[in-house]
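K.L.:
Single-letter residue listing:
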Amino acid sequence: MPYTLTVNGSERSLESRDPDQPLLYVLRNALGFTGPKFGCGLGQCGACTVIADGSPIRSCQLPISAAQGMKITTIEGLGTIEKPHPVQAAFIEEAAAQCGYCTNGMVMTSAALLAQNPKPSVEEVKQALAGNLCRCGTHDRVLRAVMRASGRQKT
Amino acid sequence: MTSTGIGAAVRRKEDHRFITGKGRYTDDINRPGQAHAYFLRSPHAHAKIKSLDVQGAKTKPGVLAILTGDDIATDKVGGLICGWMIHSKDGSPMKAGPHPALAQGKVRYVGDHVAVVIAETVGEAKDAAEAIKIEYEVLPAEVETASAQRQGAAVIHDVAPDNTVYRWHLGDKAKTDAAFAAAKHVTKIDLTNNRLAPNPMEPRAAIGEYDSGDGVFTLYTTSQNPHVARLVLSAFIGIAPEHKLRVVAPDVGGGFGSKIFIYAEETVCVWAAKKVGRPVKWTSDRTEAFLSDAHGRDHVTHAELATDENGKITALRARTIANLGGYLSTFSSSVPTYLYAPLLSGQYDIANIYCEVDGVYTNTTPVDAYRGAGRPEATFVVERLVEAAARELGQDPAKFRRKNYIKSFPHQTPVIMTYDAGDYAASLAKAMEIADYANIGKRKRESAKNGKLRGIGISSYIEACGIAPSQAVGSLGAGVGLWESAEVRVNPVGTVEVLTGSHSHGQGHETTFAQLVSERLGVPFENVAIIHGDTDKVQFGMGTYGSRSGAVGMSAIYKALDKVIEKGKKVAAYVLEASAGDIEFKDGKFTVKGTDKAADFGAIALQAYIAHKFSGQELEPGLKEGAFYDPTNFTFPAGVHICEVEVDPGTGSTRIERWTAVDDFGVVINPMIVEGQVHGGIAQGVGQALLEGVRYNADGQLVTASYMDYAMPRADDLPSFHVGMTVTPCPSNPLGVKGCGEAGAIAAPAAVINAITDAVGHEHVAMPATAETVWKACQRASQKLAAE
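Chains A and B, in that order, give the protein sequences.
When we follow our numbering, the leftmost residue of the first sequence carries the number 1395, and every step to the right adds one.
When we follow our numbering, the leftmost residue of the second sequence carries the number 297, and every step to the right adds one.
Simulated from the structure, these hints should not be mistaken for laboratory data.
A quick note: this is a predicted structure, and the numbers were derived from the prediction, not measured.
Residues of chain B clear of chain A, computed beta-carbon distances all greater than 10 Å: (1) P396; (2) D692; (3) Q1075.
Pairs of lysine-lysine, DSS-like flavour, derived with a Cα cap of 27 Å: (4) B/K855 x B/K882; (5) B/K318 x A/K1477; (6) A/K1465 x B/K318; (7) B/K309 x B/K920; (8) B/K740 x B/K695; (9) B/K309 x A/K1477; (10) B/K346 x B/K571; (11) B/K703 x B/K471; (12) A/K1520 x B/K318; (13) B/K372 x B/K354; (14) B/K748 x A/K1520; (15) B/K469 x B/K385; (16) B/K863 x B/K833; (17) B/K859 x B/K893; (18) B/K885 x B/K859.
Virtual Cβ for every residue (Gly too), placed ideally from N, Cα, C.
Hey, can you work out the whole structure from these sequences and the hints?
P.N.:
Here it is as structure tokens:
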């Protein structure tokens, strides 16, 4: 079946035999957006997060058929190294990444949060990131980065 | 210090790609024509394979091949190895059972590899796997560490009829027993070091590829040490000779030890690629990761500490049973032996130490190194014992520690190690100050007013890292040397490429290593590229684990840079028309002593390549130097972590209120990166202490195989960390660095449990200290109080 997805502002057409195929695999394999990562495939770790119609979505849980018609942003569409999104710039400044694998989910979830709530409290940031696992233990730095991106400082 | 040199908090180069989604991990790679592998795994912990019929499954759509243990045998694919020989105390070699990449006749844990299906898609491979006909004769399973050796236990490997891999020991038993006999006081403790699942966020993955034109195999893999993988796949498993096997470990999404090892899956992908004539890709799903990534820890220990009438520690003895799982993983045998018992002196001057360790087989996932590897287990034993002894003797735990600290260096412990430098009392004093230890009584009373219990716990840890002097580890049974290599290639325009045998999977080497080069050559940080993780580029290397990349990997770079500077001086002598002995190099400039003649580093690099100013007979053109660095000793990072908790006795829930970490890592290259490593280690240590635990049921079924069942630390579980440093430069390497990657994971569990037990009236609390465990301890404490 043909599908049309709107990813990072461009319409992309593709074929898929399976309407239930998770968006994550479509993005990674058919469309070449490898920024979203496979961490668990069960919506339990957050590494695959993309922003769909303004909300952070676990792309491993979103069927391609449901993703049609949504405006999807992957981390590749969020900002560039020359023109980073404030969250991306803050992640560099606070050294909030280590191995870089959960970083996609942390950045995308945080960017979606700040779009909806530009001045969150630390507790609200923790709440927003409660579903994003990081094994390198960067949690404290990630919180600092999100607060920095919001124009506040974490104490 | 320059803004990008040694000691500067330079922001990480690698983050540019990580925060824009441009990192390149193994699963991001797809090769033309690639097929997919799916492993059929054992559903039983222990069973004989009575029959295995793949014929029907082979006819399913998309299937290219189904391979089993019989094919492994036919093709003479060697078994997976354990690379560290441990001898039992009677001198006999360890009992290592066969470990084929695909099971041959028997399975030994849930998740053991029975067959692999290679198909056009993963979905087709899974469908075909369901059609494989297999008949098992289920055998009784041994799961528990403490009981695996009992009489009548099911035999897991014929070579080890009592399920005992080795009965090893270290230290002087007679002397230690005599010291205990003479002791004024003996403190006894029984501990379980809980089994952990490593859980890097990137699941393991591999792509095997075979080029029939030149007979070369390529393996893309999630490895912490691609050269070691190539060596093992070549020399032991025998798939291809090293010059016909390229191993690439690109960006790797965390390892924590679990990606050191050479597993069945990458072995099979390489082997199968030639058999099916297509690249073969495998990516672990998360359940497979829980089942098949080597686990960590899993010790059961009885330990005792002897003190004299002055409260001086006179002896320590420990008896540990270490669960090694169903097979011996690559370095498993060394973890509960030489990475454990030599650290049982902790930071203390203890004249007599004796330790016995039995390594046992069980029907569980193999156990191997996990962040800290042996040293967290040792620190947990020492710091729980010391804390318990101080409490029994009615002494302040901080004072008791200070009294018993080693105070002069070098210090020879009775268990192999020669500590080269440290100032333990300085770390303790600084940590107590930051933690406001003096006013803990007041804070306890405030908590009590609110019906809460507050406790404080110290962990004075030490680790041996910068692994390791090759001769020393060779004499202890290691199958490899543990040096590191580096090559520094200066380009004609003065930019620099450094090829290192270290591998970065979160440590930020592209930044710290470039800082070293920038500082020493005086070239801009941006003009330095660090290259790692590809055996076609880097000639050889031993990889990254055991906090070795700074102390060993950077020392190799340091040595190669020495050679570059020496060669540069020779070129400069011709260019500046002076004798080589008069050339000095500083801040990126070659100068002639006592004159104003100078040439910058880039100009000399260009002259080295143009080679117009000197005869090729007198001096070789070019500017490229390599070095192998073999350390002279381990390094000994040490420090003090103080954890303060508040326990709700009504629910047993524990909150960490404060965390203070004062570490002595020697010279620090990038404090921002080092602090991040400390945070990460503490997060994993707190995870072990409060949340994490791999659980099997009595049949050997893994019941914690997802993030819904295995609790990983999240932002809300962790406090803000107060991190301080003390510095005693390491005398054993040219940079004075010690290593920081594992410290937090080593220090943290004892700090947490010491704090909780302080809060709950010294009752025993096992890890993970879940609300239920702590609540029960509170109940016991209040019953005792009522009885008094």
